[in-house]
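> One-letter residues, chain by chain:
Protein chains: 2
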Amino acid sequence: MDLHGGNIYKLKREKGIEVLDYSSNINPLGVPESFKDAVIKNFDSLERYPDIDYTELRQAIAKYNDCSIENIVVGNGATEVLFLYMKAIAAKKVLIIAPTFAEYERAAKSAGRDVKFFPLSKDFSLNENLLLDFITDEEVVVICNPNNPTGKFQKLEKIEKIANALEKKGKKLFIDEAFVEFVDGWEEKTAALLKHKNIFILRALTKFFALPGVRLGYGITLDLELLEKIKEIREPWSVNGVAEIAGKTMLLDKKYIRETEEWIKEEKIWFYQELLKLDKVEVSPTETNFILVKLLEDNAKSFRKKMIEAGVLVRDASNFMFLDESYIRLAIKDRDKNQKVLDALKKVMEA
Amino acid sequence: MDLHGGNIYKLKREKGIEVLDYSSNINPLGVPESFKDAVIKNFDSLERYPDIDYTELRQAIAKYNDCSIENIVVGNGATEVLFLYMKAIAAKKVLIIAPTFAEYERAAKSAGRDVKFFPLSKDFSLNENLLLDFITDEEVVVICNPNNPTGKFQKLEKIEKIANALEKKGKKLFIDEAFVEFVDGWEEKTAALLKHKNIFILRALTKFFALPGVRLGYGITLDLELLEKIKEIREPWSVNGVAEIAGKTMLLDKKYIRETEEWIKEEKIWFYQELLKLDKVEVSPTETNFILVKLLEDNAKSFRKKMIEAGVLVRDASNFMFLDESYIRLAIKDRDKNQKVLDALKKVMEA
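Just so you know, the protein sequences line up as chains P and F, in that order. Be aware that the first sequence starts at 166, since it is given in this note's numbering, and climbs by one per residue. Be aware that the second sequence starts at 166, since it is given in this note's numbering, and climbs by one per residue.
Hints listed in this document are in silico derivations from the structure and should not be mistaken for laboratory results. A virtual CB, placed ideally from N, CA and C, is assigned to each residue, including glycine. Each hint should be verified, as a subset may be incorrect.
[Stated by the list, open to error] Stretches of chain P that chain F covers, calculated by requiring three or more beta carbons in the stretch to come under 8 Å of a beta carbon on chain F:
no., region
1, 368 to 379
2, 482 to 495
[Claimed, not checked] Some chain F residues judged to face chain P by a derived CB distance under 10 Å, without partners named:
no., residue
3, Val204
4, Asp209
5, Gly242
6, Asn294
7, Leu295
8, Leu321
9, Ile398
10, Gly406
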């Protein structure tokens with residue numbers, strides 16, 4: 166399991182070390198002020214159970230995505246939506262495009278599905294013709310877009326081609342867009358623009374808005390029968406009242422959204438170009454807020470340890486399917502922190 | 166499914182009616198100030214994922230219950246802990262003592278268990294000898310204590326006798342103590358004092374502290390293998406960061422706890438005695454913060470409608486197993502509100 170920032174607690178607890186957490190891909194602009202204000206104003210709403218239908222919350226999400234409320238399902242983080250999807254589908258076999266986030270496999274297996282992997286090309290690009298030829302009896306294809314940990318984003322035309330081909334065969338496409346809002350001009354590139362009933366899009370509301378602690382994810386699909394099935398099997402009140410407040414507030418926070426878009430646009434290029442200047446690494450181009458880095462003269466496990474001593478926690482990416490021991494993943498944060506991480510990388514590499 | 170306060174949203178949405186919610190059993194003292202202060206101070210903690218092990222939260226809960234951290238499991242509301250328990254146990258059949266909260270059945274069935282019910286006596290007392298004779302191949306017995314919706318509380322000696330008998334046969338006892346802290350002197354009466362490995366105690370942290378919107382429940386058990394199994398199957402980060410803050414703060418709020426204990430001790434007796442004065446009802450004695458009422462000249466469905474028109478939402482209790490159409494359940498709140506509900510009851514009954 167990808168422990169994200171979980172590791173910082175263990176480090177602090179067991180070793181008393183406070184580090185700059187570059188293993189977790191969270192917006193460095195931090196908790197939106199609009200969210201704080203809304204919580205303070207609505208503390209008393211927490212003394213009621215949440216609306217079991219989450220009507221207002223789903224309305225806010227539908228408006229943000231320019232779709233209908235009946236196509237939205239919310240969950241306790243994207244994690245719950247993913248697990249519900251895997252339980253609700255009628256499928257024996259799931260095909261996951263990898264390397265990618267490990268929870269798809271865990272969710273599919275915990276729902277009793279068999280899992281197979283389709284490997285990305287050596288440069289982590291996706292050859293959709295090879296993919297479509299590869300598929301046999303798998304009923305669902307899972308793609309993370311932009312992909313964690315590679316940072317690559319598949320164009321809408323390619324996603325549409327895959328969705329079309331799968332639709333003809335009665336198969337489904339699950340697209341995790343947890344990081345899509347960090348992609349430049351994402352509104353014109355999201356699969357939510359497609360009108361395929363076999364598509365299910367997963368979103369994590371709280372990455373872009375720096376609120377992973379609040380736990381709010383959602384899914385978008387035109388497949389109403391699937392949503393009905395999810396409704397049947399889900400546990401009641403799984404989305405908490407603070408997440409309700411967050412969703413109803415922060416999607417309207419245009420200032421925060423604009424500032425985030427400006428930050429990521431600039432820093433993604435700057436950090437990538439600075440990393441390119443380092444000798445002992447190969448850097449994958451990214452379209453989102455993290456970067457996959459291949460170490461040419463060290464292995465991820467030992468490098469991670471050295472980086473902790475230099476005050477930075479990086480993600481050892483060697484346990485992603487199809488990645489070897491040379492890969493680490495770095496978050497992208499603000500200029501000040503990115504500079505500190507560059508300094509630490511140089512220090513460790515030159516030691 | 167028991168919709169609790171969920172109905173108030175539907176009433177407001179569909180009919181524009183705002184009512185006094187007596188269907189939901191929440192502490193009327195409201196959201197603790199200590200919780201509000203802690204959230205405001207710790208907003209920034211929400212920009213990190215929660216600690217995946219919830220170490221500090223579990224420590225706080227263990228301290229509150231005078232037990233070891235290794236015996237505590239936390240969940241996204243008591244609901245998640247209940248569903249995890251039902252998934253984790255190795256059992257084909259579950260026996261539920263009824264009438265009681267409907268989610269036990271739903272959780273057991275969703276985990277593929279068969280469910281059987283043991284009926285309480287006519288006055289809702291529990292004859293433990295009859296219960297023990299009744300059990301055949303059921304591996305788990307579920308008891309809600311104090312019981313929702315009857316308000317009756319089983320003494321520790323009786324619980325111990327049942328736990329002993331079940332232990333000898335290799336069977337388990339699941340005790341929902343969601344409302345136990347409303348029982349006078351509960352610290353000396355909780356099953357957490359027993360040292361039986363076959364007992365699992367469910368608690369809802371956010372009923373006593375008026376924070377159902379925050380979603381925080383927990384379980385206590387000495388069965389470490391069961392806890393290990395739960396750890397394996399659970400979804401990561403299901404407890405949100407605000408629930409973490411709540412748990413770490415409010416269990417230390419001695420003032421709030423004392424004020425709540427003083428309120429419920431007084432109001433439980435007063436409201437019960439006032440209800441006894443009404444002609445057209447039979448009232449069950451309660452040891453917790455709600456009261457089961459039998460209507461002698463009306464049915465619950467029609468009475469509930471009339472009460473909504475009088476500004477009060479009561480719980481139609483007729484869909485609890487073994488209860489007929491004459492039962493409603495009332496919350497106990499503060500004197501002012503309880504008086505308003507008494508007035509409304511009289512108005513409706515005399516109309």
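> Any CB of chain P closer than 10 Å to the CB of Val204/F?
Nearest chain P Cβ about 7 Å off; hint holds.
> Checking hints one by one. Is Gly242/F an interface residue toward chain P, by the C-beta closer than 10 Å rule?
The hint holds - Gly242/F has a Cβ within 10 Å of chain P, the shortest such distance being about 6 Å.
> Using C-beta distances, would you say chain F covers the region 368 to 379 of chain P, given that this needs three or more residues below 8 Å?
That given contact holds, which follows from 5 residues of the region 368 to 379 of chain P lying within Cβ reach (below 8 Å) of chain F.
> If you take the shortest Cβ to Cβ gap from Gly406/F to chain P, is it below 10 Å?
Status holds, d = 3 Å.
> Does the interface hint hold: is Leu295/F within less than 10 Å of chain P, judged Cβ to Cβ?
It is violated, given that the least Cβ distance between Leu295/F and chain P is near 32 Å, above 10 Å.
> Hint validation: Asp209/F versus chain P, beta carbon distance must be below 10 Å. Holds or violated?
At about 6 Å, which falls below the 10 Å cut-off, the nearest Cβ of chain P leaves the hint on Asp209/F intact, so it holds.
> Does Asn294/F meet its interface restraint, that is, does its C-beta lie within less than 10 Å of any C-beta in chain P?
violated, 35 Å
> Holds or violated: is there a CB of chain P closer than 10 Å to the CB of Ile398/F?
Check passed: Cβ of Ile398/F comes within 7 Å of chain P, closer than 10 Å.
> Taking 10 Å as the limit, does the beta-carbon of Leu321/F come near enough to a beta-carbon in chain P?
Leu321/F check fails; min Cβ-Cβ to chain P is 30 Å, beyond 10 Å.
> Between the region 482 to 495 of chain P and chain F, are there enough contacts, at least three residues with CB-CB distance under 8 Å, for the coverage claim to hold?
violated (count 0)
Hints 2, 6, 7 and 8, counting from the list given before, are not met by this structure.
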